[in-house]
Amino acid sequence: MAVLSKPLPALYVVYVLRSTVRHASFYIGSTPHPPRRLNQHNGVAKGGAARTSRNSLRPWEMVAVVSGFPGKIAALKFEWALANPHLSLHIPSTARITVATQKKRNGHPKRPPYSLTSVISNLHLLLRVPSFLRWPLKLHFFNRDVHKAWLKWCSTANEPLRESMPIVTDFEPNAESRVVENLGSAAEGEEAATPPRPAWGIHALPLDYAPLREIVTKTESIFSFEREGSCVVCGEHLPTGEGVYAACTNTGCEGVGHVSCWSQHLLGPGATDEVLPISGHCPKCNGSLTWGEMMTEMTLRMHGRKEVEKLLKKPRKKRAPAKAAAK
Amino acid sequence: MTSADVFQSPPAKPPAAQQQYAMISSSPELPSLAEIAQRHSKRPAPLRSGSNAAPIPAAALTSFTSAKDVLRQAPDVDVEAERSPSPKPKPKAVRKRATKAKPKPEATTAPEPQEPILIPSSPPTDKPARKSRSKKAESAQSTISSRVTKSTTTSKSKSKKKTETVSRHFATTKEKGKAVESIETPQPVESDLHQTDPPRAPDADETEVSAPLEVAMPRRRGWTPPPADGLDNSELLSSSSKAPVSKEIFSNLCQDFARPGEKEPIAKPSAEIAEFMKKRKLNDLPANEQASRSTEASPTQPAAAKKKKKIRTITELATAPYQLPELPDVLLAPGNAETLLKHFDFDGAVKAQADHQRVVMDYQETKSKGKKKAPAKPRKKKAGTAEDPILLSPSSAMKQASNVDFLFGTSSQLQTDEPAEVIRDLQAAIRASNQVNDDEDEDDKSGLWHKGARDVDGSLLEFRVVDSSDGVEEATRGSPSPAPEASSTDNDFPDISIIVLQSQAGLSSVSTTQNTQSQQAVPSSRTTLPSSDKSAMVPPPPPPPSRPATAAKSKRPDFTILTDAQLSRKISTYGFKPMKRRAAMIKLLGQCWDEQQPANAVPTGPTTSNSSSISPNAAATAAPASAPPTTAISPAKKPRGRPKKETVATASTAPVEPASTAPESPKRARGRPRRDSGSQSPAKSKKVTTPVRRGKAAASKVTKIEIADSDDEEVLSVSGGRSSPDPVFSSPPPLDLSISEDAADLSLNLSPTDQESSSFTFITKAVTSAPRSSDPQNPSWHELMLMYTPVVLEDLATWLNAGELTRVGYDAEVSPAQVKQWCESKSVICLWRANGKGGSRKRY
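Residue numbers (this note's numbering), protein chains in the order written: chain A, 32 to 358; chain B, 6 to 849.
For the record, the hints were derived by calculation from the structure and aren't laboratory data. Among the hints, a few may not be true.
Derived Cβ-Cβ restraints for the label pairs, each shown as a range [said to hold, decoys possible]: (1) 203/A with 588/B: 50 to 56 angstroms; (2) 839/B with 203/A: 43 to 49 angstroms; (3) 842/B with 78/A: 51 to 57 angstroms; (4) 404/B with 139/A: 26 to 32 angstroms.
Interface residues of chain A toward chain B, partial, derived using beta-carbon atoms under 8 angstroms [to be verified]: (5) 39; (6) 164; (7) 248; (8) 274; (9) 304; (10) 305.
Only a predicted model underlies this, so the values are computations on that prediction, with no experimental measurement involved. We treat Cβ as the ideally placed atom computed from N, Cα and C, and that holds for glycine.
Make a model of the complete structure from these sequences and hints.
If you want it as structure tokens, here you go:
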């Protein structure tokens, strides 16, 4: 399959929309640009879903967001599964929570109406099913009530999420309690704190590759100057441009290796029947790694020349004023 | 009323008046007005004579037979519906009654001078009709009364006394009917009265002005529909001129068109012969005629023959040969006899004799009727002799046919030394073992449809074929049969009677004949397996069949609770294709359940020749294996019956596991509030479901195992029989089922999952062990997956099947669907090249 047109997106989310007026109204969608999409739902911008067009339910808010989808297809799969938990084949029948009790006019099973609990529980469930388990996902909560419901559900759910699943809360600033519960959230929009009206929630989500700038800069220098060296895992020499090489994302570490070698290393010797690693530690710097980040960087480097250039241009501009200021 | 008087005028009237009528009438065909008037006038006359008050209402009815009558009737009905509950006249009644109560007669007489037309109509309806007509009269009267009161109240300028008297009269009438309720405001009531009045008002007006308008009346009669009660009127019209002619025509019509030659013989025989011919068709006719010519009225019970002829059913057809001697009786049917007599009789002497004889015969016949009933009953009890066999209803015949045991064999086989008793006992034992199935079959509503179903072999009926070396007939002769009938009737139906009796007699003898059974087993096993283990033949005697059956019934889960998906899944576990209709699925599941239940229950039961189909090794394990399967299967099944999401715990569902049942009930209780608030309940419900699913998985495995074991002949035949929805199988061996299922359980655990997992591991191996690509623009599959690139399933499957799997040592091919399963189990993002609409994906 030779169609490798795009790098992994900087952001693709599946969101849970809730009416601020009527809290029982939910909507589930996916977008690479949550603020824009929210504006569409709220009627500020063109193109909202018909389901959210009722004025009596507006404005809507994104109470929960799952980010980190490695592409539109993945996000759409997850979105559909979350929106149709009574049908999705990703949910094994033994674990299905939502069961259709009614039928639509065309004979298909009718989806039971959403509720906060049902959405939360199915979200919890879908993050555990094998189809999505190893995806580089990240869970955000932007509403206290929803997060409370989530915690409550987590305490009662019979199976916990995988430990490496990052869960981030970002509530409204007046009651700022930014809790980073798991690793991997460090790269999250910290830089958004500076604006006069501090961005929070979906507005703090990174819409571009900016968080990766540092890494991209580093790997760019490595690969452009052909300093790949040998694979950090297998030790083979890495001839430039003759393979798919991934690099450590930790600052200062220039460990590079075959993608397959990386995956084997990160999976560990025990998990021989798994394919996708989730996270691990760099054999060179021993820093923590997430496979999603590595792949984003790698695909960006391989397929996103334009994006890389754009990304690397900005710092120059920034540097330029900085330099000017320094001068 | 007044109009009636006018019509009453005698036929001899002044010609001028007649002319007047003639000119006015618009429909000349109708009888003249005078005639009508005469007819009408006749009716009121007797009424008038009855009582002094009667004539007026009666005249009113007859005089307005036309549209006005209809008009009058319609509002009456409406008024009745409206008024009966309404207390409209009452307020006045209350009001006036408070003043005083005067004797009734005064009330009737008082209004007369004032309103000569209205009042006479009301009192007569009051008095005589009230008791007889009850409600209607009352309501009608109430309407009238209301009208009257209104008129009186409106004309208040007149003396107050009169109004009072009128109202008092009504007050008394009201008092009788209902309890009086006081209404404060009379005004709204009056307005109500105005509303209801209009239909009545024209009536009053017309009656008042009837004298000048009379002339127009007859005109209307022509075009208005006849009143409902105007039957006599129409009769009058039709009978006036044309009816007699038409009658003649109709009576002569047949005569005119019939062939004169044929008519006589047909017309002559009495109604009875005609009836008889109707029923028996024409081929009986010649015989009758012949008989009539040859025989001279031989007296034999004619009425009895008549009665027998009446039943023309299958039964009678079957017994027709026995009725031949009675045929001449037909000739003696009263009408028939007469014609015959006429034919031979000249002077009437013979006829007199015959009459006498007939009288005597009739007498005898009536006497014999009582007698005949008595013999008829014992005949029925006899349950059929050769002379008088009992014809069974289709269903009972079916039942009995299924009870018949046939022994097939060559003559040398039939000649062997086995006594008939042994065979019969054997069959009884077989039947006993199958009784459970039969009982449940009886319960099944499907009935004959069900029986019509073919079994695996394609044979329609289930005859128990016991391949033994003895013929039943021979055996019956040689053996002392326990039933008296068996020995007495050795003719046409020996097998049925004997065997049925034997089966009913009880199965107690089975245990005593075990030794012979084991001897029997060798020949009997010829059809199925030559090497049947005799040890398997000696299990404990059969338990009472009713016990397991009832137990099985009681445990049957309620399939209606399940969702469609669950139902279809369950059906698939039984090895059936998915069905669309929910009812069909439920029914099928019920059948499967019914069928399996006895199979589970029987293991303690008899293993007779059925067990001969068990392979030797299976038979050896039969006894120990029989007990565990029942326990193992029933829990597997019960969770299936449990509603997954239903919050209501059904009592029918038996405990899955002792441990899991305890936490269940609280979970269920909490399961309901889950939606509104509590997040706990879903978790618990989820926990609950898992054991249930486990049961289902086990069940599905069971069927799969059966399929896997299909190369084993015995198991195949058994499982095939079991999996079919038809519980009525010629010889469902209960033990075999349990055994096969047991064996299946073992193999099932391994085969599907094992195969799946092995293929998955091989796919993983093939993917990960493939050489990494040297071209970053053309990465390997593994690298693509690592990059979260969506994998096209068809391509990956093709690649895997193109040598990669064999490279890693897997010889089979994988389908894209399997690859999809693998991808999803590994969180690999995958998609189909072909989308659901038949197109193919171009962008990724």
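The hints, checked one at a time:
1. 203/A with 588/B: 50 to 56 angstroms: At roughly 54 angstroms between Cβ atoms, residue 588/B and residue 203/A fall inside 50 to 56 angstroms, so the hint holds.
2. 839/B with 203/A: 43 to 49 angstroms: At 47 angstroms between Cβs, range holds.
3. 842/B with 78/A: 51 to 57 angstroms: At 24 angstroms between Cβs, range violated.
4. 404/B with 139/A: 26 to 32 angstroms: 46 angstroms, violated
5. 39: 6 angstroms, holds
6. 164: 5 angstroms, holds
7. 248: 20 angstroms, violated
8. 274: 6 angstroms, holds
9. 304: 5 angstroms, holds
10. 305: 6 angstroms, holds
Hints 3, 4, 7, counting from the list given before, are not met by this structure.
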